[in-house]
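Fit chain B to the supplied structure of chain A, relying on the hints for placement.
Same order as they appear, the protein sequences are chains A and B.
Using this note's numbering, you'd call the opening residue of the first sequence number 1 and step up by one each time.
Using this note's numbering, you'd call the opening residue of the second sequence number 1 and step up by one each time.
Hints are not guaranteed to be accurate.
[As the list claims (entries may be wrong)] Simulated pairs of lysine-lysine, BS3-like, Cα-Cα distance not exceeding 25 Å:
hint	chain 1	residue 1	chain 2	residue 2
1	A	K149	A	K181
2	B	K116	B	K220
3	B	K5	A	K174
4	B	K179	B	K163
5	B	K6	A	K181
6	A	K90	A	K151
7	B	K163	A	K151
8	A	K149	B	K5
9	A	K174	A	K151
10	B	K179	A	K3
11	A	K90	B	K5
12	A	K3	B	K163
Please keep in mind that the hints were generated in silico from the structure rather than gathered at the bench.
A quick note: this is a predicted structure, and the numbers were derived from the prediction, not measured.
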Amino acid sequence: MSKFIKRFYLFLVYGFLYAPIIVLIIFSFNEGRTRGSWDGFSLIWYKKLFSDKEILSAVYHTFLVASITTVVSTIIGVLGAIGISPYRKKLRAAILGINQIPVLNPDIVMAVGLMVLYRILGLDFGLVTLILAHIAFTVPYVVLSVLPKLKQMPSSLPEAAMDLGATPSQTLTKVIIPYIKPGIFSGALMAFTLSIDDFVISFFTTGNGIETVSTLVFSMARRGINPEINALSAIMFIIVLFLLVLMNLRTEKVT
Amino acid sequence: MRSFKKAATPYFIWALLFIVISLLMVLYYAFTGESGNFSTENFVRFFAGSSLGTLWRSLKIAFFTTLICLVVGYPLAYAISRLEARYRTLAIMLIMVPMWMNFLLRTYAWVTILSKNGVINSFLRYIGAAELDLLYREGAVILGMVYNFLPFMVLPIFTVIDKMDEGLIEAAADLGCNKLMTFIKVIFPLSLPGVASGISMVFIPAISTFEITTLLGGNKTNLIGNVIEQQFTVTGDWHYGSAMSVVLMVFLLFSLIFTRGEDEMGTGSVTSTAEVDRE
Numbered sequence: 001m002s003k004f005i006k007r008f009y010l011f012l013v014y015g016f017l018y019a020p021i022i023v024l025i026i027f028s029f030n031e032g033r034t035r036g037s038w039d040g041f042s043l044i045w046y047k048k049l050f051s052d053k054e055i056l057s058a059v060y061h062t063f064l065v066a067s068i069t070t071v072v073s074t075i076i077g078v079l080g081a082i083g084i085s086p087y088r089k090k091l092r093a094a095i096l097g098i099n100q101i102p103v104l105n106p107d108i109v110m111a112v113g114l115m116v117l118y119r120i121l122g123l124d125f126g127l128v129t130l131i132l133a134h135i136a137f138t139v140p141y142v143v144l145s146v147l148p149k150l151k152q153m154p155s156s157l158p159e160a161a162m163d164l165g166a167t168p169s170q171t172l173t174k175v176i177i178p179y180i181k182p183g184i185f186s187g188a189l190m191a192f193t194l195s196i197d198d199f200v201i202s203f204f205t206t207g208n209g210i211e212t213v214s215t216l217v218f219s220m221a222r223r224g225i226n227p228e229i230n231a232l233s234a235i236m237f238i239i240v241l242f243l244l245v246l247m248n249l250r251t252e253k254v255t
Numbered sequence: 001m002r003s004f005k006k007a008a009t010p011y012f013i014w015a016l017l018f019i020v021i022s023l024l025m026v027l028y029y030a031f032t033g034e035s036g037n038f039s040t041e042n043f044v045r046f047f048a049g050s051s052l053g054t055l056w057r058s059l060k061i062a063f064f065t066t067l068i069c070l071v072v073g074y075p076l077a078y079a080i081s082r083l084e085a086r087y088r089t090l091a092i093m094l095i096m097v098p099m100w101m102n103f104l105l106r107t108y109a110w111v112t113i114l115s116k117n118g119v120i121n122s123f124l125r126y127i128g129a130a131e132l133d134l135l136y137r138e139g140a141v142i143l144g145m146v147y148n149f150l151p152f153m154v155l156p157i158f159t160v161i162d163k164m165d166e167g168l169i170e171a172a173a174d175l176g177c178n179k180l181m182t183f184i185k186v187i188f189p190l191s192l193p194g195v196a197s198g199i200s201m202v203f204i205p206a207i208s209t210f211e212i213t214t215l216l217g218g219n220k221t222n223l224i225g226n227v228i229e230q231q232f233t234v235t236g237d238w239h240y241g242s243a244m245s246v247v248l249m250v251f252l253l254f255s256l257i258f259t260r261g262e263d264e265m266g267t268g269s270v271t272s273t274a275e276v277d278r279e
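Next comes chain A alone, as it looks inside the complex:
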């Protein structure tokens, strides 16, 4: 009996979590434009999606911003984590305290801070400010995912490399980075996901007609949403699902 209740409860909550996604996917195949009423199966919105310049350019910007952000913030974050790990405990704690601020601060406060900063620096809002903002809020996550790996590494390891004649840059590329690779990978993945999914910070720091998928959905929601967006999200969901299954298969093979 209690097992039944447990199953039923899980079923209910997962139903709640997936209901909107299922509705979205079903209505992406709807022939009519109105939401809620089913007018028959059709692929018309998928066809229209691939000729809609506004949506395609938003998708392009989203991935462009996410890719640049991932590369830059991974480099800054990894080097930062390596650089602060030899500091004394108290100083390191203080640095990490500052590092925590963007993680814990409400997004809107971070966004407002960036806006004010850009205005004082005299920057024009557009693609550059958008990318800078994304780098700004993803760096702390990279640092946080690399630091535990660095802590695990015995300090005798880089020391041995240097004693044996490796230069600091050789030690970095041949010893330290291979050791912390899993941390770097998870940090980069996190930066990419956060950047793709971000809305609040993009909304405040973009300009000049540069839209990401999130900001486009938000502005569309005000003037009535386009069913092409349903088709886009269905495609994105299938891709995510596919990647997850692929990753799962790979990890199962490794273990």
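Positioned in the frame of chain A, the structure of chain B alone reads:
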């Protein structure tokens, strides 16, 4: 490792510019008026005007959202942690998968479900029942928040329960606790650190969101996030908007103190019970 201290230079520049200076600038804007002189007029205006009511409503909605997430999420995290190992991974995966899909799109899908011609009302019409007015109310906003933030509550609680030493639970059973008592005396106290971090991970975004309110609340439900957004995008009063952001940050500080206190308590009780266990 000492020779690598220099590697952190770009990181320090980043932290200085994007965290320290940008927050100081928000403070500067908050404590100055249009003329650029020091003044507390923004805060005076805030605590005297209608924004105080908005803040109060935001707190109320964030509180209910957090409460519902806890009441729904705790049993869920617990039930998942009691599943067989292979189902457990799948169940946690299924909690995270929606988070990889654009959250605005997922939130907007609720409009399709709740609206006047939406899925629920079409169904009600079909069975001949009266239609419900679901969208653009406070309830819809809370629903949207719970929907978006529930995983933030479930994941930390699950992590803590999943890592819990099985020996402690067995020991409690050996010493005569029934299932309920084991839960009340052992599992629940040990899971408190997860609960604390879940609460702050839900409460902080819930009190500051403006996008969920805009999508599901129409123009009827205005929260503090919406007012800040309007100051920066419509009204253009950055000083007042900054002052409100500072007020929001104060809540962050409160929740930080709250979680830290809980955390010390939680880890403290883990070590002390572990020591008792060893004796």
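Against the structure, the hints come out as follows:
no. : hint               : in the structure
1   : K149(A) to K181(A) : holds, 8 Å
2   : K116(B) to K220(B) : holds, 16 Å
3   : K5(B) to K174(A)   : holds, 18 Å
4   : K179(B) to K163(B) : holds, 19 Å
5   : K6(B) to K181(A)   : holds, 21 Å
6   : K90(A) to K151(A)  : holds, 16 Å
7   : K163(B) to K151(A) : holds, 21 Å
8   : K149(A) to K5(B)   : holds, 17 Å
9   : K174(A) to K151(A) : holds, 18 Å
10  : K179(B) to K3(A)   : holds, 14 Å
11  : K90(A) to K5(B)    : holds, 16 Å
12  : K3(A) to K163(B)   : holds, 22 Å
Checked against the numbered hints given earlier, this structure breaks none of them.
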